[in-house]
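Heads up: the sequence lines are chains A and B, in that order.
With positions in the first sequence counted from 1, the corresponding number in my numbering is that position plus 68.
With positions in the second sequence counted from 1, the corresponding number in my numbering is that position plus 32.
Quick caveat, the hints were computed from the structure, so don't treat them as lab data.
Careful, some of the hints might be misleading.
Stated by the list, open to error - Between beta-carbon pairs, the in silico distance windows are: (1) A:GLN148 - B:THR71: 22 to 28 Å; (2) A:GLY127 - B:GLU104: 30 to 36 Å; (3) B:ASP94 - A:ASN134: 31 to 37 Å; (4) A:SER120 - B:PRO127: 18 to 24 Å; (5) A:GLU126 - B:PRO127: 15 to 21 Å; (6) B:ILE109 - A:MET86: 44 to 50 Å; (7) A:HIS107 - B:PRO40: 16 to 22 Å; (8) A:GLN73 - B:PRO101: 46 to 52 Å; (9) B:SER116 - A:SER88: 19 to 25 Å; (10) A:MET86 - B:LEU142: 36 to 42 Å.
To be verified - Straight-line alpha carbon distances no greater than 20 Å define the calculated SDA-like cross-link-like pairs of lysine to any residue that follow: (11) B:LYS89 - A:SER141; (12) A:LYS167 - B:SER99; (13) B:LYS50 - B:GLN103; (14) A:LYS167 - A:GLY111.
A virtual CB, placed ideally from N, CA and C, is assigned to each residue, including glycine.
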Amino acid sequence: QQKVQQSPESLTVSEGAMASLNCTFSDGTSNNFRWYRQHSAKGLEVLVSIFSDGEKEEGRFTAHLNRANLHVSLHIREPQPSDSAVYLCAVSMGNAGAKLTFGGGTRLTVRP
Amino acid sequence: EAAVTQSPRNKVAVTGGKVTLSCNQTNNHNNMYWYRQDTGHGLRLIHYSYGAGSTEKGDIPDGYKASRPSQENFSLILELATPSQTSVYFCASGPRVQDTQYFGPGTRLLVL
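Excised from the complex, chain B in its bound form (with noise of 0.2 Å):
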C-alpha cells in the first residue's frame, strides 16, 4: 500500500505570511494531488503533477502555487495566505491517472 506523509500536520498562520505545505511518497507513484477539503464543498482539486518538474492546474488553483522538485515530493505554497485558505489539506499519489489515488493523513491549516 502507498505511503504519504505529509507536514505539518497542523499549522497556524498569520494572514499575508508565506506557507509551505509538503508531502513525500515512499512507493514511486508518477502521480501526485493538492485537495482541499471543506464543509459543504467535499474535497476540491488545487493542483496536480504527472512527474518530477511537471505541475498542472485543478479546479481551484489561484492563491496556491505547486512545486515538484523530485519523484517523492511535492509542495504546495501559499504566497500570501488569506483567511479563506483555512481548511484541512490532503496529498495523494498514484502510479497512473486511471488508479486508485492513496491520501495522506492531512494538514490543517489556520490562517489568522
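Next comes chain A alone, as it looks inside the complex (with noise of 0.2 Å):
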C-alpha cells in the first residue's frame, strides 16, 4: 500500500524567504501528484498538479519532481504570513487514479 511521507512536520520562515516542502513515496509507478494548502478549519485549496519528472511552475509555487527518488518538492518563492497553512502531499499509483494518498502535512508558519 501507497506510504507517502512529508517533512518536516513543522517549518518556520521569515517573509521573503523561501520555503521548501517535501515528500516522498513509497510506489514508483505513482503518476499523478498533487500539493493542496489548507487553512485552519478551512477545506483544501489545490497549489499545483505534477504528472512527469521536472518542475512546474504555478505563480509562487513550483513543484519538483524526481519518480526515481521517489521525490517531489514544493517550493514557495517570497513567501507572506497569507501563506501560513498546512501543506499536503497528494499521490496517486497507476491506473487507480481515483484513489488519492495523502502525507501527513507539513505546516507552515511565515513571520513578518
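Using the hints, put the two chains back together into the complex; each one sits in its own frame.
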C-alpha cells in the first residue's frame, strides 16, 4: 500500500525567504502528484499538479518531481504571512487514479 | 472552480446513534469522495463514487456506508456511531479519476 511521508512536520520562515517542503512516496508507478494547502478549519485548495519528472510552476509555487528518487517537493517563493497553513502532498498510483494517498502535512508559519 | 458544500458543518452525536453527513456539488463532476482527517494520519479515503448509483470502498470503509442518489449528492452514513469516528470529514469531487479533486469545507463530528 502506498505510503506518503512529508517533512518537516513544521517549518517557520521569515516573510520573503524561500520555503521548501518535501514529500516522499513508496510506489514508483505513481504518476499523479498534487500539493494542497489547508488554512485552519477550512477545506483544501489545490496549488500545483505535476505528472512527469521535472518542475511545474504555478505563480509563486513550484513543484519538483523526481520519480527515481521517489520524491516530490514544493517551493514557495516570497512567502507571505497569509501563506501560513498546512501543506499536504497527495499521490496517486498507476491506473488507480481515483484514490489519492495523502501525506501527514507540513505546518508552515511565515513570520512578518 | 468546483463548488462543494457539506452539511452539517458541526455535529455532536451519541454513541450508537445514526449520523448522516451530506455533500452537494454543483459542477456536474462524475466522481465524489469522502475522507476523514485525523492528527497523525492525514486524510484517508473512506468511500468514493464514479457516478449516480455507484459507491466504492476506499481504504478505511469499516463502520461507514455511502449513498450516491444523484450526480450532485453523496452521503456518508454512520449507522452506529462510535467515539473512534470523531473526526473531521471532507467531501470532494472531480471530473475524471486523474483530475484534481475539489474539496468541501469539512464537517466536524464529535461522537460522545
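Practice item. Would you pick out the hints that fail for this structure and give their numbers low to high? Key: Per hint list: 8, 9, 11, 13 violated.
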